[in-house]
Amino acid sequence: MSDVIEINGLTKRYGSLTAVDHLDLTIKKGEVFGLLGPNGAGKSTTILMMLGLTDPDAGTVQVCGINATVNPIEVKRRVGYLPDDVGFYENYSGLENLLYTARLNRISGEEAEARADRLLERVGLSDHAGKKAGKYSRGMRQRLGLADVLIKNPEVIILDEPTLGIDPKGVREFLDLIVQLSKEEGITVLLSSHHLHQVQQVCDRVGLFVEGKLLAEGDVPTLSRKLFPEQAFEVELGVSGATFEQVRTVLAPLEGIASVTQAPQELFHVACHQDLTARIAHRLVSSGLELVHLTHREYGLDEIYNRYFEGKEAYGKLS
Amino acid sequence: MASLANKPLHPFWVIVNKEIRDYVSSWRFVILLVLILLTCFGSLYTSITNLGKSIKADDPDGAFFFLKLFTVSDGSLPPFHVFIGFLGPLLGIALGFDAINSEQHAGTLSRVMAQPIHRDYLINAKFVAALIVIGTLFFALGFMVMGLGLFIVGIPPTAGEFLRILFFLLLSVLYVAFWLNLSILFSIRFKQAATSALTAIAIWLFFTVFYQIIVNLIARAIIPDGASSPQQMMAYQNLVMNMLRIVPSQLYSDATTTLLMPSVRSLGPLTMEQVYSAIPSPLPLGQSLLLVWPQLTGLIAATVLCFAISYYLFMRKEIRSR
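Chains A and B, in that order, give the protein sequences.
Read in our numbering, the first sequence has 192 at position 192, and its numbers run on one by one without any break.
Count along the second sequence from 1, add 1000, and you get the number used in our numbering.
For the record, the hints were derived by calculation from the structure and aren't laboratory data.
The structure presented is a predicted model; accordingly, all values stated were derived computationally and were not measured.
Treat the hints loosely; a few may be bogus.
[Said to hold, decoys possible] No more than 16 Å apart at the CA atoms, straight line, and that leaves these computed lysine to aspartate or glutamate pairs for EDC-like:
| hint | chain 1 | residue 1 | chain 2 | residue 2 |
| --- | --- | --- | --- | --- |
| 1 | B | Lys1018 | A | Glu90 |
| 2 | A | Lys213 | A | Glu90 |
| 3 | B | Lys1018 | A | Glu96 |
| 4 | B | Lys1007 | A | Glu111 |
| 5 | B | Lys1317 | A | Asp55 |
| 6 | A | Lys131 | A | Glu121 |
| 7 | A | Lys132 | A | Glu184 |
| 8 | A | Lys28 | A | Asp57 |
| 9 | B | Lys1007 | A | Asp55 |
| 10 | A | Lys183 | A | Glu161 |
| 11 | A | Lys28 | A | Glu255 |
| 12 | A | Lys213 | A | Glu31 |
| 13 | A | Lys29 | A | Asp57 |
| 14 | B | Lys1317 | B | Asp1120 |
| 15 | A | Lys131 | A | Glu90 |
| 16 | A | Lys183 | A | Glu31 |
| 17 | A | Lys132 | A | Glu96 |
| 18 | A | Lys132 | B | Asp1022 |
| 19 | A | Lys29 | A | Asp55 |
| 20 | A | Lys28 | A | Glu155 |
| 21 | B | Lys1007 | A | Glu184 |
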């Protein structure tokens, strides 16, 4: 039972639009998984189906070994869900909101209060526990949301765009908190986002989700290899006083070079099928060019994202 | 409640508790409560001051002295049951018009739905909570009027009168429940609370003001000429009555008049033959109830229909965050 979430052939259509298209995905216990994709890619719809809030048109979702479509109550007992832009009853204090959720989960009064206090402490809201939730700032609401999700002691937490609209410092604290929780309590975390850096920062594995399909999954290096198999490595060269033609001629005899492109400030990008860094350096130096800078570049999610969506503006319209 | 503190409450009643608390502490409920209390005291005052004049030797309702507290008026202020017929819908609409869409708007709906509860708990709990609030309010009001009447007039109600008043209060709760359900239905259908409130109020206004005008126009257009047979006249009268009875407020006022005025023996036209040699005595409670049974079932059916549609819509609704 190491697979906490198992999705098989999941499909959801809205009229002619297929929001989620034969999705297969497994998430292991204790993992922090990032679901990455542009707005309208079907991330939220997938999450709703995991919680049984929307019925799929085809395929199955198993969460903790329970079919989420058939038995959503059992799934919701084990899964905490933080929707994007979570809302609270504004006339109630933060603490009262937490206690209400606890009571809906059939947690007895004393236990609920103990847990609420501990969680408010944990997310740093102890000082504001008695304040009306309507007066909370966006970041505070999101942190209260995390406490709200954790009050039922979930096995899995699903966070839908949890960092939207929080300032950078708040985002870092929030993400650190999530990682900490995942490591300490062994909670599986599914985080959906379109913020690449944040996902890269905290997730063990990432799934790239576009137009309802999972294009690739894995850790960031694996992802870059999968998406750009012909340019798995890129080397950045700084050659002082050389023209693009010179560099290209010098490198031409090397086998396994896919392309050479010129970047600003006497920099050149060489894409190659395998790691040719040492041989490129050797050739340049031995042919008398002045090599001033040499970096091995790995694709960050930004590059993966930009490269993948280059010239594909159409995706933006789906949201 | 202290003994229950250790055993967690069923989530359904947790929601009911919260909803009742929200209703009772909301401004709109307080405002309506004050309004209803004022009108209640106003009509009680007029009925008590006019009680003496209303008693005539040949009045078949004379034996039901206590019921007159609810029905007598000198024309300056409408009696109690007319006021309830007028303000009840407003109360129902006020309690229901933003039941679901405000939660959706505040982003709390998806959070509550992510808890391990059945989806229908929320809508059922909201309905039950509002019904409890309305029921408590109406029974408190009714008993208060009875108590004050008892205190001022000094004549206790008979068992029959007491039962009639109980049925009248139940009927009032049922009538408000209809409007409550209608507005809950709109709160599911419309995303904006203002839209659902205005739609519900528009329907209420249409039924209380314009529908009668339209029915009158139609009635005038199809009126049979003087030479037509009694059967035709009867059919015409029945048609007009039935057109009016589509309206819940008509059902309510028919039913309340019958319950509170035992001398009312028919809600439709009576021929001279039927009236001839009938003793103008009041009906017993069972007969009065029998007379309003169609009205009662009609109201229940309308309420259940509204609830069924809301239930269906809510269960099919896809719950997204705001």
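For each hint, the structure was consulted:
Restraint check for B/Lys1018 and A/Glu90: the C-alpha separation of about 13 Å stays at or below 16 Å, so the hint holds. A threshold of 16 Å between alpha carbons decides the hint, and for A/Lys213 with A/Glu90 the separation of about 38 Å lies outside it, so the pair is violated. With a C-alpha separation of about 11 Å, the suggested pairing of B/Lys1018 with A/Glu96 holds against the 16 Å cut-off. As the CA atoms of B/Lys1007 and A/Glu111 are separated by approximately 11 Å, the hinted pair is consistent with the 16 Å bound.
Note on B/Lys1317 and A/Asp55: the hinted pairing holds, with a Cα-Cα distance of about 11 Å set against a maximum of 16 Å. Between A/Lys131 and A/Glu121, the direct Cα distance comes to roughly 14 Å. Compliance with the 16 Å bound is thereby established for this hinted pair. Simply put, A/Lys132 and A/Glu184 have alpha-carbon atoms about 31 Å apart, too far for the 16 Å limit, and the pair is violated. Taken as a hint, the A/Lys28 and A/Asp57 pair is broken in the structure, with Cα atoms around 25 Å apart against an allowance of 16 Å.
Among the hinted pairs, B/Lys1007 with A/Asp55 is inconsistent with the structure: their alpha-carbon atoms are about 34 Å apart, more than 16 Å. Between A/Lys183 and A/Glu161, the direct Cα distance comes to roughly 21 Å. Violation of the 16 Å bound is thereby established for this hinted pair. Taken as a hint, the A/Lys28 and A/Glu255 pair is broken in the structure, with Cα atoms around 40 Å apart against an allowance of 16 Å. Between A/Lys213 and A/Glu31 the alpha-carbon distance is near 21 Å, which puts this suggested pair outside the 16 Å criterion.
At roughly 27 Å between alpha-carbon atoms, A/Lys29 and A/Asp57 are farther apart than 16 Å, so this suggested pair is violated. At most 16 Å may separate the alpha-carbon atoms for a hinted pair to count; B/Lys1317 and B/Asp1120 meet this at roughly 11 Å. Taken as a hint, the A/Lys131 and A/Glu90 pair is honoured in the structure, with Cα atoms around 10 Å apart against an allowance of 16 Å. Proximity of A/Lys183 to A/Glu31 is assessed by CA-CA distance (about 9 Å); at most 16 Å being required, the pair is judged to hold.
A C-alpha spacing of about 9 Å is found between A/Lys132 and A/Glu96, which places the hinted pair at or below 16 Å, so the restraint holds. With a C-alpha separation of about 14 Å, the suggested pairing of A/Lys132 with B/Asp1022 holds against the 16 Å cut-off. A distance of roughly 25 Å separates the Cα atoms of A/Lys29 and A/Asp55; the hinted pair therefore is violated under the 16 Å criterion. A threshold of 16 Å between alpha carbons decides the hint, and for A/Lys28 with A/Glu155 the separation of about 12 Å falls inside it, so the pair holds.
Between B/Lys1007 and A/Glu184 the alpha-carbon distance is near 30 Å, which puts this suggested pair outside the 16 Å criterion.
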